[in-house]
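Assemble the dimeric complex from its two separately framed chains, guided by the hints.
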Amino acid sequence: MPVNQNFHSVVLVKQVPDTRHVTGEVMTEDGTMNRGALPAIFNPEDLNALEMALRIKEQFGGKVTVLTMGPLQAAEVLREALFRGADRVVLVSDRKFAGADTQATSYTLKCAVEKLGDYDLVFCGRQAIDGDTAQVGPQVAEKLGLPQITYAESVIDLNEAEIVVRRAFDLGSELVRCTLPCLLTVVGSANRPRPASARKRITYKMAAIPSEYPKLLKKWTEFADERSLGEYLAERKLNIEVWTVADLAVDEAELGLAGSPTQVYKINYVVLETTDSKEIQPTPEGIQALIAELIQEYIVG
Amino acid sequence: MNTERSERSERNVWIFIEQDEGQVAEVSLELLAKGREIADQLGGEAWAVLCGNQVESLAEPVIQHGADQVLLADHPELELYRTLPYCRVITNLVQQYEPSIFLIGATPVGRDLAPRLASALKVGLTADCTDLQVGDYTSKKENKVYQDLLYQIRPAFGGNIIATIVNPKTRPQMATVREGVMRRGELDPTRQGRIEKVKVSFESCDLALQVLSREKREPTVKLKDAPVIVAAGAGVDTPEEFELVRQLANALGGEVGASRAAVDAGFISREHQIGQTGSTVRPRLYIAAGISGAIQHRAGMDQSSKIIAINTDPNAPIFRIAHYKIVGDVAEVLPLLIKALREKAK
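Residue numbers (our numbering), protein chains in the order written: chain A, 484 to 784; chain B, 253 to 598.
Isolated chain B (complex conformation) (with noise of 0.2 Å):
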């Protein structure tokens, strides 16, 4: 490896492809798109790592998506997902090509294999960033300025506090982050890149895991698509209030979302849930009810186009990036929004 190649792969971002039968994950196309845009910024590459039994067929539309290499671990052991032989092989190749930054998709498998990784390789990690920038970070106590380092920016502490992560000194800089926090890219049939296929191979401790069956189910909310999302909090807080909460959604053509405290009081399934550690949306109209609109909570729907919130306290972070505010009981205001609606529809 010549001096150039070995400094270029010193700005390399590595992304990891999550693939289930053939079939890549979602937020693996959405990482690829921002991993290419720090690439570019940092002067580097953008890698795939891409692992599973038969699975080079899906090579090239990780090219086409903004890779530039992909590197191709086939093996039958590599058939589904399992935290030991998927480490070893991703730590022997990050220890062979010493990349920059690391993403990985904070879905279960990720959240499994990321801090393994991290461990494994002794270096920093960061859960379910909601937004990666590129910067310089001045070290007081050293009196140093570590350049061109990942901002990994998450909302830390349950409050009102987002933070940004740097690891100045080890390598890659890791972070997960959540499916629908990034957008991904147009596919580009055009794109060129390399494929490398790399050797595999396990000792028998890393075998010490077999999958004995599995059962997946579809998703049976579709919020990331959804034009319309009526979303519930702690505010609504009897089963009637959650009814109200469903007439409303229905009415709109639209899909149930829940805060974190629904979603803890039972009323609905983690699968509604929104937010940093839930779905991150962007529809055309989102009603917050009963939601006071905690940071964890506004990461996940800031970004809607027209936010109608209601809650009685007049003074609810919700409010303040509402476009519409109605201080009121959702048990009162709800049942209003469903009539007007079902008399214009008429």
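Here chain A stands alone, though its shape is the one from the complex (with noise of 0.2 Å):
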């Protein structure tokens, strides 16, 4: 197989809320959720999607670019994907990106993957734990002019002019050939996403966004202030970059809540209504006397 093609992947992640371990203390009491006591995480898929991007790096010669569009507190999964492996990693950020349905977050995306230019292959997790939608990975192919692989398992080949792809679905799977450049959403069983290496986290340990300085200041105290912590940064390529709207040639009107052609219109929050429910006491004769019962109601038998 040939080597060192030099391939820009571009690999698109998202901090969400671990919405996997919603526990008792999450649920406040009128029934509305507490996101603040949901960890962030890295979205899982996502992370399967850094891994394929880094393999193929590895496999063909290349480099990984990783965006994300967040809140600044979303640099925390940029310095993951960096303790793994990424070359360099953007934080997209801006108030008014706040609120994007899928429709404004994958045109902002958009945005920012054009500015990175020079792309051979973009990489999503195939949904957000957050949101399950999958449509933001769509989304952003069709923005971006790109063919699109959802479901897509394992690279089988790889040349500067086409990809192949065994995309998996529950009851199946497809082997399919497409141009470059494409974007690639990425299942979950597509492979084992490899840990944060330690060498790597030592190096990047530092990478930071600007508005993390004070706090680095307070840990760093040999830096004077916080102009030469970032030229220090810079110098070492640890200034984790930020892009705001300014960065970014869009069209306001199409950003945040302005530009989501969808609207909430109203939350219930559900306070279940007590069926007429039974304790059954989890002891021998308890346990008898319900399946008599279910018997008797021709429900079980």
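Keep in mind that the hints were calculated from the coordinates and are not lab data. A couple of the hints might just be wrong.
What the hints assert, rightly or not - Partial list, derived from the structure: chain A residues whose beta carbon lies under 7 Å from chain B:
#: 1; residue: P697
#: 2; residue: T727
#: 3; residue: K749
As the list claims (entries may be wrong) - Non-contacting residues of chain A with respect to chain B, defined by C-beta distances greater than 12 Å in every case (computed):
#: 4; residue: G544
#: 5; residue: L641
#: 6; residue: I685
#: 7; residue: T686
All figures in this text were calculated on a predicted structure; none of them were measured in a lab. No residue lacks a Cβ here, since even glycine has one placed at the ideal position from N, Cα and C.
Put into structure tokens, the structure is as follows:
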């Protein structure tokens, strides 16, 4: 297989609340959710997408750029990406992006990918666990004018012009060939994402966005001020880029809440009406009586 | 096109008919029934979009399931579903006819197609709706009432909230719905409708992707029609406990289901998942073993005739919809249930 074809992979990732571990403390009395009680994590399938891109870089040569749109705290997932082998990371963050639905989000991401330029492959996780919509990947592809390969599980072959990918569904699979550049959304069964490398963790532990500098200054007292810290980080490429609206060629009308065709009409907190429920004791007698009742009512038997 | 017709098209509901090798997807028939109902409410028509190669014979059954008009796109390039050719054809049709609502099944095909279409059309899309209704929406910001919008209702954000989403300004209002959420209607062999064969053409960029081969597998679980389901949740956290769930399902002649937590834990395949992003079921008896009952899960099972819930936490939300509440550990309660059933069977 030819080596060093220099593929530029862009991976779009998201920091999400860990909705897989909703516990009692997360739910408040009135049935609403205490978002702050949920840890923020790297969206699981985005890690699979990053892993796929890193393996392409290792096998064929090239570089991996990781982009995320989110609040400033999302810099954390970018550090996680650096710890795993990303070459460059960019945080796309601006108050004007807030309240975006998938349409406005994909528009913003499209503008950011275009600013990066010369890409061969764009990767996303199949879906994010906080919304499960699986919409942003295909919508970024459409806006970039790229073909899309959703449910990507493995890359079978890759050359300068084409990629061959296996797509995996619950009930089958499909082998497809597609021209480059294209966008892939990656499923969780694709690979086992590597853990953070200990060496890279040391290299990149200071990687930061400017709003994190005050916190760092307290820890790294040898720096006189934010400017000298910033210069130090920039020399070592540890300054994580932050792109705002001003850095992107965007039509502001298409951003955030204003650029979102969907609107939330109402939110209902589901306070469950207690149904007519019968408490059964977890004893042999209690269970026997329950089974007898179910048989009598023709529910069982 | 006269004015009367164009006014009517503004009230039309479209349904994407997914077919594979001449077999119409179940969810498309379910959406035809729902789309028909919404069209009647709006005073519009239900139109079906049918794409494929030599699929004309499917148009009549689609009409008998509720369509007033079938837009038939028949072309060799549409033989197997591929994003770009399908998107090209359907985008053109939507731009030509401007329907009010467009419903698509949340299958792997629908979840690939719907967002791409919505992006190309610059319209809103709501994924995995668990209910669809029609109603008015008052925008306070604009001080304006939008009449007869599609309420796209879905659980949101991991927790106990149900969001009603609307698309006030863009058309069509797009939504995807999973199989089993809506009920399919009866086939009416006397129903009449129109079939319009649409002209199809592609640009070379539409053919960027080729399908080299595909494999299909029959479903190994038939949750949707199972009379009894025993479902495992996060409280079932050892292989031994999971075996008890299987044994109880066997003893009851039922199927094994699972919450997302149990699927994520790796005990069972995603095919068994019940809930908003899994299957929607309505069995005669549903036994929730160690399931806390987050709304995403309840959305897939709360129509069950009888629900037995087993959980160590007496305040688990599942108990509020359960007919029988057993506060206890699945490792103790499941063997008692299995034993009691075996004794009764003697």
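Consistency of the hints with the structure:
1. P697: violated (31 Å)
2. T727: At 24 Å from the nearest chain B Cβ, T727(A) fails the 7 Å test, so the hint is violated.
3. K749: Since the shortest Cβ distance to chain B is 5 Å, the answer is holds.
4. G544: holds (24 Å)
5. L641: For L641(A), whose nearest Cβ neighbour in chain B is about 14 Å away, the distance exceeds 12 Å, so it holds.
6. I685: Holds: least Cβ distance 32 Å, greater than 12 Å.
7. T686: The claim stands: T686(A) keeps its Cβ more than 12 Å from every Cβ of chain B (closest is about 32 Å).
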